[in-house]
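There are 2 protein chains.
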Amino acid sequence: MGWGDLGAFGEPSKETPNLDQMAAEGMLFLDFYTANPLCSPSRAALLTGRLPVRNGFYTTNAHARNAYTPQDIVGGIQDSELLLPELLKKAGYINKIIGKWHLGHRPQFHPLKHGFDEWFGSPNCHFGPYDNRELPNIPVYRDWEMIGRYYDDFKIDLKTGEANLTQLYLQEALDFISKQQASQQPFFLYWAIDATHAPVYASKQFLGTSQRGLYGDAVREIDDSIGKILRHLQQLGISENTFVFFTSDNGAALISAPKQGGSNGPFLCGKQTTFEGGMREPAIAWWPGHVPAGGVSHQLGNVMDLFTTSLSLAGLQPPCDRQIDGIDLLPVILQGKLIDRPIFYYRGNEMMAVRAGLYKAHYWTWSNSWEEYGKGTDFCPGQNVSGVTTHTQEEHTHLPLLFHLGRDPGEKFPLSFASEEYQRAMERLSGIVQQHRDTLVPGEPQLNVCDKAVMNWSPPGCEKLGKCLKVPESDPKKCSWPH
Amino acid sequence: MGWGDLGAFGEPSKETPNLDQMAAEGMLFLDFYTANPLCSPSRAALLTGRLPVRNGFYTTNAHARNAYTPQDIVGGIQDSELLLPELLKKAGYINKIIGKWHLGHRPQFHPLKHGFDEWFGSPNCHFGPYDNRELPNIPVYRDWEMIGRYYDDFKIDLKTGEANLTQLYLQEALDFISKQQASQQPFFLYWAIDATHAPVYASKQFLGTSQRGLYGDAVREIDDSIGKILRHLQQLGISENTFVFFTSDNGAALISAPKQGGSNGPFLCGKQTTFEGGMREPAIAWWPGHVPAGGVSHQLGNVMDLFTTSLSLAGLQPPCDRQIDGIDLLPVILQGKLIDRPIFYYRGNEMMAVRAGLYKAHYWTWSNSWEEYGKGTDFCPGQNVSGVTTHTQEEHTHLPLLFHLGRDPGEKFPLSFASEEYQRAMERLSGIVQQHRDTLVPGEPQLNVCDKAVMNWSPPGCEKLGKCLKVPESDPKKCSWPH
Chain G
1 MGWGDLGAFG EPSKETPNLD QMAAEGMLFL DFYTANPLCS PSRAALLTGR
51 LPVRNGFYTT NAHARNAYTP QDIVGGIQDS ELLLPELLKK AGYINKIIGK
101 WHLGHRPQFH PLKHGFDEWF GSPNCHFGPY DNRELPNIPV YRDWEMIGRY
151 YDDFKIDLKT GEANLTQLYL QEALDFISKQ QASQQPFFLY WAIDATHAPV
201 YASKQFLGTS QRGLYGDAVR EIDDSIGKIL RHLQQLGISE NTFVFFTSDN
251 GAALISAPKQ GGSNGPFLCG KQTTFEGGMR EPAIAWWPGH VPAGGVSHQL
301 GNVMDLFTTS LSLAGLQPPC DRQIDGIDLL PVILQGKLID RPIFYYRGNE
351 MMAVRAGLYK AHYWTWSNSW EEYGKGTDFC PGQNVSGVTT HTQEEHTHLP
401 LLFHLGRDPG EKFPLSFASE EYQRAMERLS GIVQQHRDTL VPGEPQLNVC
451 DKAVMNWSPP GCEKLGKCLK VPESDPKKCS WPH
Chain C
1 MGWGDLGAFG EPSKETPNLD QMAAEGMLFL DFYTANPLCS PSRAALLTGR
51 LPVRNGFYTT NAHARNAYTP QDIVGGIQDS ELLLPELLKK AGYINKIIGK
101 WHLGHRPQFH PLKHGFDEWF GSPNCHFGPY DNRELPNIPV YRDWEMIGRY
151 YDDFKIDLKT GEANLTQLYL QEALDFISKQ QASQQPFFLY WAIDATHAPV
201 YASKQFLGTS QRGLYGDAVR EIDDSIGKIL RHLQQLGISE NTFVFFTSDN
251 GAALISAPKQ GGSNGPFLCG KQTTFEGGMR EPAIAWWPGH VPAGGVSHQL
301 GNVMDLFTTS LSLAGLQPPC DRQIDGIDLL PVILQGKLID RPIFYYRGNE
351 MMAVRAGLYK AHYWTWSNSW EEYGKGTDFC PGQNVSGVTT HTQEEHTHLP
401 LLFHLGRDPG EKFPLSFASE EYQRAMERLS GIVQQHRDTL VPGEPQLNVC
451 DKAVMNWSPP GCEKLGKCLK VPESDPKKCS WPH
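Same order as they appear, the protein sequences are chains G and C. Going by full-length UniProt numbering, the first sequence runs without a break in its numbering and finishes at 483. Going by full-length UniProt numbering, the second sequence runs without a break in its numbering and finishes at 483.
Any given hint could turn out to be false.
All copies of an identical chain are treated as equivalent in the list; a pair is satisfied when it fits inside any one copy or across any two copies.
Said to hold, decoys possible - No more than 25 Å apart at the CA atoms, straight line, and that leaves these computed lysine to any residue pairs for SDA-like:
#1 Lys-14 <-> Trp-287
#2 Lys-113 <-> Pro-342
#3 Lys-477 <-> Glu-145
#4 Lys-452 <-> Asp-340
#5 Lys-259 <-> Phe-413
#6 Lys-478 <-> Cys-125
#7 Lys-337 <-> Pro-17
#8 Lys-259 <-> Gly-387
#9 Lys-228 <-> Gln-181
#10 Lys-155 <-> Glu-86
#11 Lys-375 <-> Pro-414
#12 Lys-159 <-> Glu-420
#13 Lys-375 <-> Gln-21
#14 Lys-337 <-> Gln-21
#15 Lys-228 <-> Leu-189
#16 Lys-470 <-> Gly-431
#17 Lys-14 <-> Val-244
Keep in mind that the hints were calculated from the coordinates and are not lab data. Only a predicted model underlies this, so the values are computations on that prediction, with no experimental measurement involved.
Turn these sequences into a full structure, and let the hints steer you where they fit.
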């Protein structure tokens, strides 16, 4: 989902009354970021509070490449990483993930081995349908075992765009919340639904209801679901002690536009890029009676902050034996403070850009290769800015491309290298980058090796269902990451 | 000002609390248009309720050129046109214009000859400073006579961006409203301030207060002023019988970006173009106790509707001896109705595009000439879409370029000519265009002739001030309209 996909963020169809209401009752974050321009690394960062380059969710197979966890990925979240639910357990929390895990699908990476108590959802993206011979369809798990597969048992009709999945995930959330309220146990619910990811789908009742086509239908269904979750919390009388945060793991994928693309509002490019459209996200904090209604914050925030902030809410300290990149946002949310902190924009193993205050400096620019672009893969359709959205990896480390995101949120007008403003801003940014680089200890990269044998052929539980597939011979290879 | 310049429309700096509040208390129009992608024709259309091609505010000097009323224009608003204030007089209204008139500056075009009772402001844009020898500075009038000139008597400091003009225009508005309330006379106030037009300025108290630079400072000052006007109406107890509408006369001029440019949000290009960024405008209706608070309308609206709607509010009928393009929006505003009507996008004498529902068909495309573009004039910076923002005038009358503005508000993905959707949508649009063309009687073009002798050398009142300048010999020529 992109920054510009909600009415509250200026989407012209204005079809998200529930999220807009959530913003009106809570706090809107206008400068909130993911940790990476795509899914797996962002989700790993959210749950560990650490940049992907630290927690291992990146590749060194090639320079500055986006990597994630497709079916044939060998790696995943390492045992040495401490995840938010593992820590929350110490404070008596019951933790549930509903939806996409995306932190590795081999047995050792299972979410219930990393702090979650319950799981309903899938380990990978809902790509498909596959033939279950060359490629298996993605399994859907309940807790330890699979209970079916996408397309086989959990239908997604690519022709009509119909799928009931968001409704299943919604009901699961409502049930979990009811159960926790009844048992009076504190809970952490990570509602990590698949929508609006391509292939985009919505339930029958939402199909055709948007001015924006199928993508808009999916947004409307999410909006409706979140409204139902918030109302459920209120009806159970626990909204005043439940902190809710809404955000997304990367910008809208403009490569899928206009039919399945979404909107990054006035920002440049989309998913896969380190321009604002790739990493700036809609974000809303909601906690009636605590978060001031109608608040608007310009705090530079990051999904990693949700790790630290959640620990803080539970009265816990973040681990002190490792570098944590997330900050505690409670002073921002509860007292309206502004904390001076930078945002780092990584693509794989490379820090592409950094933001502090309103200035953003690009040390490297790249949208994608000429080869990929020539094949029709365009992450910046209709927005290719000469010298900015480059199709070769351009190094600017000696003279970074600098933008003022207040005057120029769309990153279209680099500041003159000769200007005083450039000198002044770069002095500050250079210091921040220097310090970051000097102290950075990259983690072991986990997204380098792929192997057809590790795919979801025979997930636990497949025997009971008679749905085990034949595992091919192991043939580990370097994964190919074209972007 | 552009669609994306207000917080309520998604501007990332969120610096318009008063306008956002106005929207929260009133109705937000998301699909509201000007009648033309630049100033004079849009303002003439607003006041006459008629397309510029009907009221004469266009040129035939060349095909599809934008024309306005610079200092050397010979033409202006014709006596045969009926302006909103002329008609409102019949219902006892006192009419005042504060700010830029822009409908011609020769004596016969004076606003007090066209229905206004009072005027404080200038006839042309605040360009300058001029030397008062080759070119006179633009006069500022109070009613019939000039009381000084921009830069000479009404300071605009181009270096610091400081000018007190919006404050003067605000005070004038507050005073007029007080006076009318005291005398119990109904009034029409056309608050047509110069800001945010380039050269952009703001008062000292607003300079440097925006995240967006000087342009943002100007927006903040407008926002603050409108807040003061609305509060003034409330304090005088007349808000419940005063209808207020906020909009702009063209999209943000991206040619002046990023320092003086503004934002058109997710839309394509800016002022001077018939893409959405050139003509789609922020628009808010406010009338406490009548307009439902927090309303959002997808009605296709146009500044020309303000003519018809205002007449309706005053209990008057629009003239029936001429074609009126504006519709009465009261059923939309008061009862939430949606009226099916098209939007025509003109550039000079050519209908470039038409919108009905969510479909927009371009019959001609042009951003500007290669020659102008080569000189650095770019109306679509960082948004040049191949085959769409063309630098030659491209005719598509036989196979229009079609966009679905719901899925693709940025006009980046033309629909396939071969698709059923294209056929279906074009069938409807073709009928609309055919009917429009069949019944169109263009007015006599008023913006063809320019003459240095008609400039503001010796406006009425200059004698008293000792500010009359020598009028050069008349030398009428065809005006040159490069865009």
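Determine which of the earlier numbered hints do not hold for this structure and return their numbers in increasing order.
2, 3, 4, 10, 13, 16
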